[in-house]
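Protein chains in written order, with my numbering: chain U, 1 to 336; chain F, 1001 to 1284; chain V, 2001 to 2529.
Think of the hints as simulated: they come from the structure by calculation, not from any bench.
Careful, some of the hints might be misleading.
[What the hints assert, rightly or not] Pairs of lysine to aspartate or glutamate residues, derived as EDC-like cross-links and limited to a Cα-Cα distance of at most 20 angstroms, are as follows:
#1 V/Lys2284 x V/Glu2342
#2 V/Lys2411 x V/Asp2450
#3 F/Lys1224 x F/Asp1012
#4 U/Lys20 x F/Glu1165
#5 V/Lys2447 x U/Glu65
#6 V/Lys2108 x V/Glu2249
#7 V/Lys2220 x V/Glu2209
#8 V/Lys2411 x U/Glu322
#9 V/Lys2124 x U/Glu69
#10 V/Lys2180 x U/Glu67
#11 V/Lys2453 x V/Glu2479
#12 V/Lys2124 x V/Asp2113
#13 V/Lys2348 x V/Asp2298
#14 V/Lys2124 x U/Glu322
#15 V/Lys2297 x F/Glu1190
#16 V/Lys2476 x V/Glu2464
#17 V/Lys2411 x U/Glu67
#18 U/Lys230 x F/Asp1039
#19 V/Lys2351 x F/Glu1042
#20 V/Lys2412 x U/Glu67
#21 V/Lys2152 x V/Asp2175
#22 V/Lys2124 x V/Asp2142
#23 V/Lys2338 x V/Glu2390
#24 U/Lys20 x U/Glu322
#25 V/Lys2456 x V/Asp2483
#26 V/Lys2297 x V/Glu2249
#27 V/Lys2180 x U/Glu65
#28 V/Lys2439 x U/Glu322
#29 V/Lys2180 x U/Asp49
#30 V/Lys2411 x U/Glu69
#31 V/Lys2128 x U/Glu69
Here the structure is a predicted model, which means the values were calculated and not measured.
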Amino acid sequence: MDNTIANFGNLLKIQLKQQKQLDLIIAYGLAALTMTYLSYSLPNLLPGDFVTTMYSNSFVTITAEQEAELRNFYSTDAGFGDYIIRLLKLDWGFSYSSLTPVSSLFFSALPWTLLLMGSANFISIFIGFVTGVEAAWQRDSKTEKTMVSTMTIMEGIPEICTGVILLAIFSLHYQWFPAAGAETAYANHTLIEQFLDVAHHLALPLLSLIFAYLPGNFLMARNSMVMVLKQSYITTARAKGLSALRIRYAHAARNALLPVVTRFCLRLSFMVTGALVVERIHSYPGLGTLLFNAIQARDLPVIQAVVLVSSLMVLAIILSLELLYGIIDPRVTHAH
Amino acid sequence: MHINLRTNFISDPWFLIGASFTTLFCLIALIGPILSPHDPWEMSFDPISPPTIEHILGTNDCGQDIFSELLYSIHNTIFFGLSSGFTTLIFGVAIGLTSGWYGGKIDLFLMRLADILLATPSIMILILAASFFHPSPITLALLLALLMWPTISKVVRANTLILRESLHIKAAKQMGASNWYIIKRHLLPEMYPIYLIGFTSKIRSAVFMEASLAFLGLFDPTRKSLGIMISYSLKYYYLGIWWNWLMPPIICLSVLITATTFLAISLEKVMDPRLKESLGDNLA
Amino acid sequence: MNKFTFKVFWQNLFTILLTIICLGGTSHQVFASDIRIADSKGDNGYPNPFRHYPRGPGYLHMSWVFETLTWKDANGIVPALATAWEYDAKSLTHTFKIRQGVKWHDGKPVTTDDVAFSVNYFLKNPYKFVSLTNITEAKAIDQNTVSIKLDKPYAAFISRVAGVLPIIPKHIWQDITNPKTYDDPKSFIGCGPYLFVNFDKAKGNYLYEAFEGYYRGKVKAQRLIYIKVDDPLMALYTHTADFALIKPEMVKPLRKKGFTVLNNGNGWNKKLMINHRKAPFNNKIFRKALAYAIDQKDIINKAHRGFGTPASYGLLSIDHKYYNPNTPTYAPNPDMTKKLLESLGYIKNQKGFYGKNGAVLTIELLASNISVTGESRPDRDGEVIKHQLERVGIQVSLINQERTSTDSKIKKWEFDLAISGHGGLLGDAVILNRMISPKTGSTNSVKFSDNGKLLKLLKKQSAEMDPKKRKTLVYKIQEIYADELPAISLYYPASYIAYNPKKGVQWYFTPGGLGSGIPYALNKLSLIQ
């Protein structure tokens, strides 16, 4: 009898959990749909259109007729329904400005964004986390104070400065690093040479992004670690006589990880436009530049595609984060 | 307790540095425009000239006095950053707490709203806003707040979830405390470090965003602010303007951010005496 | 323990940094016969007539691949695909002798059929860069001769049509009905000095390779590479680029480093658009009051540190062969502004701003970031003009917006004053028609129809084949334009390019600009050995 009740209870719990997860997924589905609609409608709201941008300030002077004809040619818009159907068919349309498929533009820019932003985020989160944990552990020590001050001072320097200063020093003055681009254009390199060439070009933009991200990650990790260190289980662990390193990483840091991972994922959500300034200063290719140029040219299909795909990517990242919370910190699952 | 608090503050170098610089900047922000020797929009001086007695920091690309510009910029940047930071914080904490504490459908809705805002590229929204109405600095600060609250509320929510399960909150709940009481007495105060850091980091984002937008040519370039000063001076980096034009706003910005962060750190320590009692001695 | 972890951490960090720096030390191999051209936009469309962007740089990209009937060098018009040409005024026909032995990139010969086909094809599928409104048809008369018939005399035919219109191969384009969407490597077959190889839109790089069979002979660079560069000074210093458009302040440091610097000429102007369809701007007297309040020299000094030249109020560049030195000018004169405004019934209020019937006059000034190369870089023009107008008592509300937003407002006539800019001022005088006539769709055209005489003169000058008579007409047009002031030309920004002379190419500035007047030193003739 007791057994059946217990079973029933378990079943209920599982059902409840499933229900919750279902709710979550439905909510995300709705958010994705909203995002799809926004990606369709927001670009349409931008004042002016492609023909205005392309022809009005150009060398060319077109008659009103020609303009109407052009406008006709470039208005592929057939309503939201059509947009959805085209999306389902994986047809992203053609870029107005280059008349090539949007997908090819998108996928040629994506790897560079992933490379730059991905490595910048990973490196800065890793260094930030480890240093943050160590700093919190040695609270009030000289090392901590030096680190916190250095990081806060670093945090006060905008990335436009870091970018230009790094370029001025390492590119202009010492000429150690190239001034622009993601690789030497059309150099006949072997695979290894090309790899080195890419790394060589990546260094400066990567460094300016790490400079921009590291202090925030460090301070975040330090602060959540400070919070965790207050908790009673740390005292218990200490009382048990566990080694400092073990307490630090196996007990405390694990719990301090949650906000840091959250921050990491949120950082990833700025992936597309986050590096725009750095991309611009270092003439580095990427989705930010693609989007920015498309917005300036009112190249609607490209804007729509970049906004849509990047926002869906962000939603996917956040959803997986939500599901990941449970693994990193079991308490959150209970709470949910 | 009061005496304790005071001695704590005074003996804390973080607090001393943070507070003195913050006070200094607030003073400059308040009386800077009065102190400035020239009208910062006056263009009648020789452009890009090195420092002289009349222009202690020289003049910029269109013959404006850099020192006066700096004073006005500090004023504007502080007000812009503060208004944006405060609004973001209020939105973020309110939404994050509500979401984390009440959970369920409210949580789902609010957090998806946050996700959508996070997912939409902010540049596009800013261009849209700039073209439809003429954003004054205050509207722009609010607009940035609207774009930036999700990150804070996500962090606050995550911590609310953790705190919600902790023993003292559960106990308070079982003793029949109202939601509002628990939020006010337990949740809000216990997350101080997060707000403080969140607040400073949002001020920073707002000010940097302003600089980046100016650099990309999307922001009203006639405004005076530290970010815009930096973005203008960077265009002439090869003309030997490093020390008199580029560095002053960078130093001000950096010191400003550092001071607020220091203040945040020291406040966080003092506001939470438990921290000192339980760990301070062990770790010292 | 703690100290140990720290040590490890810093060691690791140091190692990472060291690795990055070491990577920095690896040199990369660069071809000696490459010319690398820096471009800040990195995107000018694909280099064929239907897909390049309708701006100067886009046209120049295409000019590597395609040839025209005539071209220009440092001394003026030179033969290209046509070796000789003449005009018969009676039959309104231009006859061209076509060069023999020229080959397309695919090896087929260029024939008179191709030339005639090209003109007729562009009549059907307009090439936005060239206006063919006066042309009826082209015919291949024999293997050497092509005739192009007009329905009206067109003074700018050689400079605006024959020297600009690219000749395309018939065997490729004859079956193409929608050239815009024709996306095939064959669409880049021309007979120019370079073959188009690649355009990487994400990186903003273009690659052109020398065409062995080019009719003018060998070229000096095996490959032409365009790279996207935000800062030309850095790119030149680090030898990432060999050629770049630079800012005037960079001239000195670059000359010191051994780069050759060229001035691009006064072919591009900033101008203040005035909404002359709306009161009070529809009144010539009010526009003149504005002109007297604006100090061109002051704008150049304040917003551009003196790098620029005050513009002629008659639109045509002061370096143009038809520039009228007697064009009316408006030297800054606050008293004149005062007199003119008071004659219109404006009175200064206590604050010193003009108003009428108790309401203060506030003018909205739209400013956006536009520069010669069409990129967005903020400048201070708006700020300075606001200053100048307020100094004489005209209140201004300055609105800085992103360019397309501003353009679409100008287009809808929803503005008072707007700062805009355009080029073409060194090319043929038909630019006057394009920038004044109400029929054009361009944003920076003033579309001015209030003066019938001006419109008549414009029509007449574009049909006048006698250069002397045409000059008189163009002189008159400039006088009327400067008197009417449908827009106020402000200044020609100083525009420079710098190149690395060690690459063995002597670039030069083409008088009158390339093609239809593009003020940019990338002339393909400088690459011929």
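Structure-based check of each hint:
With a C-alpha separation of about 14 angstroms, the suggested pair lysine 2284 of chain V and glutamate 2342 of chain V falls inside the 20 angstroms cut-off, and the hint holds. With a C-alpha separation of about 18 angstroms, the suggested pairing of lysine 2411 of chain V with aspartate 2450 of chain V holds against the 20 angstroms cut-off. Using a Cα cut-off of 20 angstroms, the hinted pair lysine 1224 of chain F and aspartate 1012 of chain F is violated, with the two alpha carbons roughly 35 angstroms apart. Annotation: proposed proximity of lysine 20 of chain U to glutamate 1165 of chain F holds, straight-line Cα distance about 18 angstroms (limit 20 angstroms).
Note on lysine 2447 of chain V and glutamate 65 of chain U: the hinted pairing holds, with a Cα-Cα distance of about 15 angstroms set against a maximum of 20 angstroms. Using a Cα cut-off of 20 angstroms, the hinted pair lysine 2108 of chain V and glutamate 2249 of chain V is violated, with the two alpha carbons roughly 48 angstroms apart. For the hint pairing lysine 2220 of chain V with glutamate 2209 of chain V, the CA-to-CA distance comes to about 11 angstroms; that is within 20 angstroms, so the pair holds. Using a Cα cut-off of 20 angstroms, the hinted pair lysine 2411 of chain V and glutamate 322 of chain U is violated, with the two alpha carbons roughly 49 angstroms apart.
Under the criterion of a C-alpha separation no larger than 20 angstroms, the hint pairing lysine 2124 of chain V with glutamate 69 of chain U is consistent with the structure, at around 13 angstroms. Taken as a hint, the lysine 2180 of chain V and glutamate 67 of chain U pair is honoured in the structure, with Cα atoms around 15 angstroms apart against an allowance of 20 angstroms. Simply put, lysine 2453 of chain V and glutamate 2479 of chain V have alpha-carbon atoms about 12 angstroms apart, close enough for the 20 angstroms limit, and the pair holds. For the suggested pair lysine 2124 of chain V and aspartate 2113 of chain V, the alpha carbons sit about 16 angstroms apart, so the restraint of at most 20 angstroms is met.
A threshold of 20 angstroms between alpha carbons decides the hint, and for lysine 2348 of chain V with aspartate 2298 of chain V the separation of about 24 angstroms lies outside it, so the pair is violated. Between lysine 2124 of chain V and glutamate 322 of chain U the alpha-carbon distance is near 59 angstroms, which puts this suggested pair outside the 20 angstroms criterion. Of the pairs offered as hints, the one joining lysine 2297 of chain V and glutamate 1190 of chain F is violated, with about 63 angstroms between alpha carbons and a cut-off of 20 angstroms exceeded. A threshold of 20 angstroms between alpha carbons decides the hint, and for lysine 2476 of chain V with glutamate 2464 of chain V the separation of about 14 angstroms falls inside it, so the pair holds.
At roughly 12 angstroms between alpha-carbon atoms, lysine 2411 of chain V and glutamate 67 of chain U fall within 20 angstroms of each other, so this suggested pair holds. This hinted pair does not check out: lysine 230 of chain U and aspartate 1039 of chain F have alpha carbons roughly 52 angstroms apart, beyond 20 angstroms. Distance check on the hinted pair: lysine 2351 of chain V and glutamate 1042 of chain F sit about 18 angstroms apart at the alpha-carbon level, within 20 angstroms; holds. Between the alpha carbons of lysine 2412 of chain V and glutamate 67 of chain U the distance comes to roughly 14 angstroms, so the proposed pair stays at or under 20 angstroms and holds.
In summary, the hint linking lysine 2152 of chain V to aspartate 2175 of chain V is not supported, as the alpha carbons are separated by about 30 angstroms, beyond the 20 angstroms threshold. Between the alpha carbons of lysine 2124 of chain V and aspartate 2142 of chain V the distance comes to roughly 23 angstroms, so the proposed pair goes past 20 angstroms and is violated. Between lysine 2338 of chain V and glutamate 2390 of chain V the alpha-carbon distance is near 12 angstroms, which keeps this suggested pair within the 20 angstroms criterion. A hinted pair counts as satisfied when its Cα atoms are at most 20 angstroms apart, and lysine 20 of chain U with glutamate 322 of chain U qualifies at roughly 12 angstroms.
Of the pairs offered as hints, the one joining lysine 2456 of chain V and aspartate 2483 of chain V holds, with about 16 angstroms between alpha carbons and a cut-off of 20 angstroms not exceeded. For the hint pairing lysine 2297 of chain V with glutamate 2249 of chain V, the CA-to-CA distance comes to about 18 angstroms; that is within 20 angstroms, so the pair holds. For the proposed pair lysine 2180 of chain V and glutamate 65 of chain U, the alpha carbon gap of about 18 angstroms is at most 20 angstroms, so the pair holds. Taken as a hint, the lysine 2439 of chain V and glutamate 322 of chain U pair is broken in the structure, with Cα atoms around 59 angstroms apart against an allowance of 20 angstroms.
The suggested pairing of lysine 2180 of chain V with aspartate 49 of chain U holds, with an alpha-carbon distance near 18 angstroms, which does not exceed 20 angstroms. A threshold of 20 angstroms between alpha carbons decides the hint, and for lysine 2411 of chain V with glutamate 69 of chain U the separation of about 17 angstroms falls inside it, so the pair holds. Proposed proximity of lysine 2128 of chain V and glutamate 69 of chain U is supported: the alpha carbons are some 12 angstroms apart, at most 20 angstroms.
Violated hints for the displayed structure, listed by number in ascending order: 3, 6, 8, 13, 14, 15, 18, 21, 22, 28.
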